[in-house]
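Q: In full-length UniProt numbering, the protein residues as written are 1 to 350.
Be aware that a few hints might be false.
Claimed, not checked - Derived pair list, reagent style DSBU-like, types lysine-lysine, alpha-carbon separation capped at 30 angstroms:
1) K266 - K278
2) K6 - K123
3) K6 - K193
4) K182 - K193
5) K123 - K193
6) K182 - K266
7) K193 - K266
8) K282 - K182
9) K282 - K266
10) K6 - K56
11) K182 - K278
The hints are simulated quantities; they were obtained by calculation from the structure and are not laboratory data.
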Amino acid sequence: MTKTVKIAILGASGYTGAELVRLLDTHPNTELAILTADRRAGQTLGAVFPHLAQVKAPPLVSIDDVTAEDWAGVDVVFCALPHATTQAVIARLPEHLRIVDLSADFRLFDTDVYAEWYGGPHKAPELQKTAIYGLTELDRERVANARLVANPGCYPTGPQLALIPLIESGLIEPDDIIIDAKSGVSGAGRGAKEGLLHGEVSEGLHAYAVASHRHAPEIEQGLSRAARRPLLVNFTPHLVPMNRGILCTIYVRTVGEADAGTLLSKLTVRFQGEPFVKVLPKGTLPQTRHVRGSNLCLIGAADDRLPGRVILVTAIDNLVKGAAGQAIQNMNVMLGLPETAGLALQPIFP
Numbered sequence: 001m002t003k004t005v006k007i008a009i010l011g012a013s014g015y016t017g018a019e020l021v022r023l024l025d026t027h028p029n030t031e032l033a034i035l036t037a038d039r040r041a042g043q044t045l046g047a048v049f050p051h052l053a054q055v056k057a058p059p060l061v062s063i064d065d066v067t068a069e070d071w072a073g074v075d076v077v078f079c080a081l082p083h084a085t086t087q088a089v090i091a092r093l094p095e096h097l098r099i100v101d102l103s104a105d106f107r108l109f110d111t112d113v114y115a116e117w118y119g120g121p122h123k124a125p126e127l128q129k130t131a132i133y134g135l136t137e138l139d140r141e142r143v144a145n146a147r148l149v150a151n152p153g154c155y156p157t158g159p160q161l162a163l164i165p166l167i168e169s170g171l172i173e174p175d176d177i178i179i180d181a182k183s184g185v186s187g188a189g190r191g192a193k194e195g196l197l198h199g200e201v202s203e204g205l206h207a208y209a210v211a212s213h214r215h216a217p218e219i220e221q222g223l224s225r226a227a228r229r230p231l232l233v234n235f236t237p238h239l240v241p242m243n244r245g246i247l248c249t250i251y252v253r254t255v256g257e258a259d260a261g262t263l264l265s266k267l268t269v270r271f272q273g274e275p276f277v278k279v280l281p282k283g284t285l286p287q288t289r290h291v292r293g294s295n296l297c298l299i300g301a302a303d304d305r306l307p308g309r310v311i312l313v314t315a316i317d318n319l320v321k322g323a324a325g326q327a328i329q330n331m332n333v334m335l336g337l338p339e340t341a342g343l344a345l346q347p348i349f350p
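All chains should be built: construct the whole structure from the sequences, respecting the hints.
A: Set out below in structure tokens:
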């Protein structure tokens, strides 16, 4: 019988922390051992998230109050802290722990690129060299052997799953990619921000961080690795007045006689048997409501009216496949557990 895996969640009072708890509560092999949330230390999980009041969980504590003895009883750490704080925290953790980091701190291989986009030097460059970028379906073997997995960002997940196999197979022009991305407001976190008030975001739609979003270099890193040369992409995110979901509409130029059917055939073969990546029939395009609450990534495609161009569309739940769900998927691979454990949830509709 598989032993019970003891889990610590650092930053358990945010949306991602709550999703980790919700999903892990259905996992047959895990037990919550430590939940940290400095501003909420001393409170119960149910006081912070009433919808999780029935979950068996320890009280929230400050990370500074976690002792060496406490860490000795933990197997896996999910780090859901803000960027620029995670590096120093993970560097202090005991060596026996397996770690999945949901912040941006270990996603970029080049620490100079990190410093450029995140406003300061990387605080654990030696640890960065050991981190594995955890887009599970595309790097499962390395994830399995990793101590530290950098969980992908929410925006980069869908586009990389759709584009990397097509770039590797030479079916699209890698220098002519446009990604139009739209996300629900939970992607901005749970902290109080004026720009996320109901009166600021409801009944409207707007682009933000135009030509300057921090997920652009993460996407470019993955696509450049596939092309084996540096690439730049046109990536523009938009904020949509909904709680969950990311829809990416991706415009590509094909090579030779390739069309939407060709691209879908390649993706279908590449993701055959994958439990969470589903390629839809030609002309059927995914919607965020089709993935809500699930760990699915749906990919569709249609021929553009412009000759030689195809429109790809991807949909994920930003809090699940874009964060907590993919993190648990990575943990399952790291520990040799069934990859779908804790994640076999169908989408919620309506």
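Q: Of the numbered hints stated earlier in the document, which are not met by this structure?
A: Per hint list: 3, 7 violated.
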